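Assemble the complex: chain A is given as a structure, and chain B must be docked to it using the hints.
Number of protein chains: 2
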Amino acid sequence: MGTSAIDTTKPYVMGIDIGGTNTVFGLVDARGTVLGTGSIKTQKHSNFQDYVDELYEKASILIKDHDAEGKIHGIGIGAPNGNYYTGMIETQVNLPWKAPIPLTKLISEKFGIPAAVTNDANAAAIGEMTYGVARGMKDFIMITLGTGVGSGVVVNGTMVYGADGMAGELGHITVRRNGRTCGCGRHGCLETYCSATGVAKTAREFLEARKDEPSLLRDMQVEDITSKDVYDAAIAGDKLAKDVYDFTGKVLGEALADFAAFTSPEAFVIFGGLAKSGDLLMKPLREAFEADCMPMHKGKIKILLSELKESDAAVLGASALGWEAKEPVETAK
Amino acid sequence: MGTSAIDTTKPYVMGIDIGGTNTVFGLVDARGTVLGTGSIKTQKHSNFQDYVDELYEKASILIKDHDAEGKIHGIGIGAPNGNYYTGMIETQVNLPWKAPIPLTKLISEKFGIPAAVTNDANAAAIGEMTYGVARGMKDFIMITLGTGVGSGVVVNGTMVYGADGMAGELGHITVRRNGRTCGCGRHGCLETYCSATGVAKTAREFLEARKDEPSLLRDMQVEDITSKDVYDAAIAGDKLAKDVYDFTGKVLGEALADFAAFTSPEAFVIFGGLAKSGDLLMKPLREAFEADCMPMHKGKIKILLSELKESDAAVLGASALGWEAKEPVETAK
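Going line by line, the protein sequences match chains A and B.
This note's numbering numbers the first residue of the first sequence as 1 and each following residue consecutively.
This note's numbering numbers the first residue of the second sequence as 1 and each following residue consecutively.
The shape of chain A in the complex, shown without the other chains:
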């Protein structure tokens, strides 16, 4: 992990963040400076090898521009359902290629550089531990609040991958027994309440349940309401919108109190779109955590916001995994 793996002749890593729309790649040094980035459209090629070929072509320009040929220690990849152990995406996700997708094999062969993959939230946790607010921490939990809720669990300085490489799915832990239906097939998952989608759903439920209460959110089509709309309304002083954030923070704070009983972390690190809501979310979240956590945890566990710039975070997180990449590879063809 981290800088211990660096040899001075290979001072760089490459991070690749595979998103549903764009794939962003970046060249990163040992201090976490992003020297340069580029991107390609994830959906452009229905054949995975064609995608890898274009990725290699574009990334090679970046590598050449920075005189980094032969100086890259490893490639780290963040991808939905990326499995660290197998180097593949094993179950079908919202990407144009059929699972299983042999990510690290084809990418490391093409680049002639060792590669490793994990899911986006784990990559974010490794990024936070290597370059961010969790530097020096051995036990922390990363929570990413986006369209869904992701997580990365670090124990004793090591990422928890579990028996199958798929550990750390805290977005799918039950927070309300028999609660909202989740895309994963379970009910009452954290993700159904504390994601951007969950916030919008809570707003719709509150509008329906409190029909006589005025709200700025009544000016729009109820099915079009987004978490951004709820945020804007709350900032404008709307009571109902603020209550949505209070509820969201409470649900998340109580969930973190449960998670604390699991691994007793030094800190939680919160990242992602909703985290930018600031005190609107963090105040009820911290209050609910302190009110609900086990007595031995009260006042002892930090709830921090990520310090990584959001524009760089995905690539940085993925790149940090590049320091760990070490499987033998063939030379690039």
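Certain hints may be false.
[Unchecked claim] Simulated pairs of lysine-lysine, DSS-like, Cα-Cα distance not exceeding 30 Å:
(1) A/300 with B/105
(2) A/105 with B/300
(3) B/41 with B/105
(4) A/138 with B/138
(5) B/300 with A/326
(6) B/105 with A/138
(7) A/138 with B/326
(8) B/105 with A/298
(9) A/239 with A/283
(10) B/201 with A/298
(11) A/250 with B/201
(12) A/300 with B/326
[As the list claims (entries may be wrong)] Covered stretches of chain B (chain A as the covering partner; in silico rule of three or more C-beta atoms under 8 Å from a C-beta of chain A):
(13) 144-156
(14) 166-176
(15) 179-186
(16) 257-266
Keep in mind that the hints were calculated from the coordinates and are not lab data.
Keep in mind the model is a prediction, meaning the values are calculated, not measured.
Note that CB positions come from ideal geometry on N, CA and C, so glycine has one too.
For chain B alone, kept in the frame of chain A given last:
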């Protein structure tokens, strides 16, 4: 961990299990054979050093009888709230000495042997990994069902102690929001439903809620009902008592489905009094787990019963920690 630490001149470990009533100690070899045990009354000495002195006196006889002087690699101690990092019991528990209790310091000084401590459930997990059904597993979760519910989480072959040494309190994870009041101060904790105490409480609630339904349990004073009574009634075919076990198994199975989303273990290992209820508990437990777990876990995670003999398990578990004990110690006085 395990036999790698054994040097041939010191082929034994000593396990000490500090319970509220009795302290049991045993001499154990590398194969997990308990060569001999002894015990003293935990409550006899109000002064902790006096207790250690008696423990040393009694254990010395056992050591001498087995010609084991100078051949003990380490002492492992299982104790309520025992903190692996500090070697102490830091918060007051049901023992006659005032916390913090410097367990490993005084015991290792007295015996002239390195000592390590953890809580009972973690010791059970280490015992299971070293000598039991979890041999060879790198990722599993031990659940101990006794008066309370304890747990030990193993990730990547290593016990999870967390930032403060107190990780793995799965008995205090919320299974029913705003549910039963727990001794820990929280509400709806797993322990309030799936411990022996929880089973008795569920029986009382069912008797109250189903007033018109006959049950063998109505023959006794409702406040005197124990989990053993519920077990006996269920075995005798009592419908209400069987429903109590179905409910208990369901709550535990759904909790394990949540825990699986955390660390993706290869297996859960169930230990303790309630585990002896056999299919009465295990059948609804396994059914609820499979019905509720994430799709990627279905059919993939084993739910096993401990293979350690209950009479030996506490001492064996504690002793396994003795292989890891390595702090520098002074010679015995």
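Hints versus structure:
Of the supplied pair hints, the one linking residue 300 of chain A and residue 105 of chain B holds, its CA atoms being roughly 26 Å apart against a limit of 30 Å. Only pairs whose Cα atoms come within 30 Å are accepted, and residue 105 of chain A paired with residue 300 of chain B is accepted, the gap being roughly 26 Å. The suggested pairing of residue 41 of chain B with residue 105 of chain B holds, with an alpha-carbon distance near 21 Å, which does not exceed 30 Å. A threshold of 30 Å between alpha carbons decides the hint, and for residue 138 of chain A with residue 138 of chain B the separation of about 19 Å falls inside it, so the pair holds.
For the suggested pair residue 300 of chain B and residue 326 of chain A, the alpha carbons sit about 29 Å apart, so the restraint of at most 30 Å is met. Proximity of residue 105 of chain B to residue 138 of chain A is assessed by CA-CA distance (about 25 Å); at most 30 Å being required, the pair is judged to hold. For the suggested pair residue 138 of chain A and residue 326 of chain B, the alpha carbons sit about 21 Å apart, so the restraint of at most 30 Å is met. Simply put, residue 105 of chain B and residue 298 of chain A have alpha-carbon atoms about 28 Å apart, close enough for the 30 Å limit, and the pair holds.
Of the supplied pair hints, the one linking residue 239 of chain A and residue 283 of chain A holds, its CA atoms being roughly 16 Å apart against a limit of 30 Å. For the proposed pair residue 201 of chain B and residue 298 of chain A, the alpha carbon gap of about 29 Å is at most 30 Å, so the pair holds. For the hint pairing residue 250 of chain A with residue 201 of chain B, the CA-to-CA distance comes to about 29 Å; that is within 30 Å, so the pair holds. Distance hint between residue 300 of chain A and residue 326 of chain B is fulfilled; the C-alpha atoms sit about 29 Å from each other, no more than 30 Å.
Under the rule that three or more residues need a Cβ within less than 8 Å of chain A, the assignment of the stretch 144-156 of chain B holds, with 3 such residues. Look at the stretch 166-176 of chain B against chain A: 10 of its residues bring a Cβ nearer than 8 Å to a Cβ of that chain, three or more, so the hint holds. Residues of the stretch 179-186 of chain B lying with their CB closer than 8 Å to a CB of chain A number 3, which satisfies the three-residue condition for coverage. Only when three residues or more bring their CB closer than 8 Å to a CB of chain A does the claim for the stretch 257-266 of chain B stand; here the count is 9, and the claim holds.
The structure shown violates none of the earlier numbered hints.
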